[in-house]
Amino acid sequence: MTTNADPQEISKFSELAHRWWDPTSEFRPLHEINPLRLEWINARAPLAGKNVIDIGCGGGVLSESMARKGAKVTGIDLSKKALKVADLHSLESGVEVRYKLIAAEDMALEEPGQYDVVTCMEMLEHVPDPASIVRAAAALVKPGGKLFFSTINRNPKAYLLAVIGAEYVLRMLPRGTHDYGKFITPAELSQYLRLAGLQVDGMKGLSYNPLTKIYSLNNDTDVNYMVACTKPL
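For any residue, its number in my numbering is found by taking its place in the sequence shown, counting from 1, and adding 480.
Each hint should be verified, as a subset may be incorrect.
In silico DSSO-like pairs for lysine-lysine, Cα to Cα no more than 27 Å straight-line [what the hints assert, rightly or not]:
(1) K560 <-> K549
(2) K549 <-> K561
(3) K662 <-> K637
(4) K561 <-> K684
What follows is a list of derived Cβ distance ranges for each label pair [what the hints assert, rightly or not]:
(5) E576 <-> N635: 32 to 42 Å
(6) E512 <-> I644: 16 to 26 Å
(7) E512 <-> G661: 18 to 28 Å
(8) L589 <-> L691: 46 to 56 Å
(9) D609 <-> L691: 37 to 47 Å
(10) Q671 <-> A523: 18 to 28 Å
(11) K492 <-> N689: 21 to 31 Å
(12) M683 <-> G661: 18 to 28 Å
(13) A523 <-> K580: 20 to 30 Å
(14) K637 <-> L571: 38 to 48 Å
Worth flagging that the hints you see were computed from the coordinates, not collected in a lab. Keep in mind it's a predicted model, so treat the numbers as computed, not measured. From the three backbone atoms N, C-alpha and C, an ideal C-beta is built for every residue, glycine too.
Could you build all of it, start to finish, from the sequences and the hints given here?
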């Protein structure tokens, strides 16, 4: 097995795995942003009939929603507990998703160039070597295929809102969810993408208004942001 994973990160999310599908739990932000990111992905790569892989799928919130759009979805993760929760929810909902306990790098060796769409959301800031994940994603997608990443910018505003605000003040996330040192600037992620041979198509910010308690897509990439890419033919 490839070891591009932090055992503490896997353990942290494994301990919360049973709450993954509870929209009032620590995963509430995930449930609230999911419709926004799903529609953003679907608008750029219509999912119906597509072969899709979701890297770092966790409990399967995005994976299932893409399958509901008509995609054939594979979700991969390194948390056994999260994948068990994802499998159980898939059985209960009747939405078919193939889940697999495997690292992205190993999956890229097993099934290179097999996917029309690759997603990797809210994961890059939790691994020791995010560039390695990007390279694996580039290997998994077909030429002409689309890739989508999301992560958190690294700057004082991001620290204030994503760590202090979300974890300590608003208590939207458990303390210790994020390590500021692992946040990734858009320039750094863009470099990882270019070095992996990918073309950056666009970038969107994802913001939270604590007064209205509503998330929105915009052009402010100071904190949370998403990137769309293409693997050239």
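Results of checking the hints against the structure:
Only pairs whose Cα atoms come within 27 Å are accepted, and K560 paired with K549 is accepted, the gap being roughly 26 Å. As the CA atoms of K549 and K561 are separated by approximately 26 Å, the hinted pair is consistent with the 27 Å bound. As the CA atoms of K662 and K637 are separated by approximately 15 Å, the hinted pair is consistent with the 27 Å bound. Among the hinted pairs, K561 with K684 is inconsistent with the structure: their alpha-carbon atoms are about 31 Å apart, more than 27 Å.
Taking 32 to 42 Å as the suggested C-beta distance range, the pair E576 and N635 conforms, at roughly 41 Å. Evaluation of the 16 to 26 Å hint for E512 and I644 yields a pass: the beta carbon distance comes to about 20 Å. At roughly 26 Å, the beta carbons of E512 and G661 sit within the given window of 18 to 28 Å. The hinted range of 46 to 56 Å is satisfied by L589 and L691, whose Cβ atoms lie roughly 48 Å apart.
A hinted range of 37 to 47 Å for the beta carbons of D609 and L691 is consistent with their spacing of about 38 Å. For the pair Q671 and A523, the supplied restraint of 18 to 28 Å holds, since their beta-carbon distance comes to about 26 Å. Taken as a hint, the range 21 to 31 Å holds for the pair K492 and N689, whose Cβ atoms sit roughly 27 Å apart. M683 and G661 have their C-beta atoms about 22 Å apart, which keeps the hinted 18 to 28 Å range intact.
A C-beta distance of roughly 27 Å is found between A523 and K580, which places it inside the suggested range of 20 to 30 Å. A hinted range of 38 to 48 Å holds for the C-beta pair K637 and L571, which are about 42 Å apart.
The structure fails to meet hint 4 from the earlier list, while all remaining hints are met.
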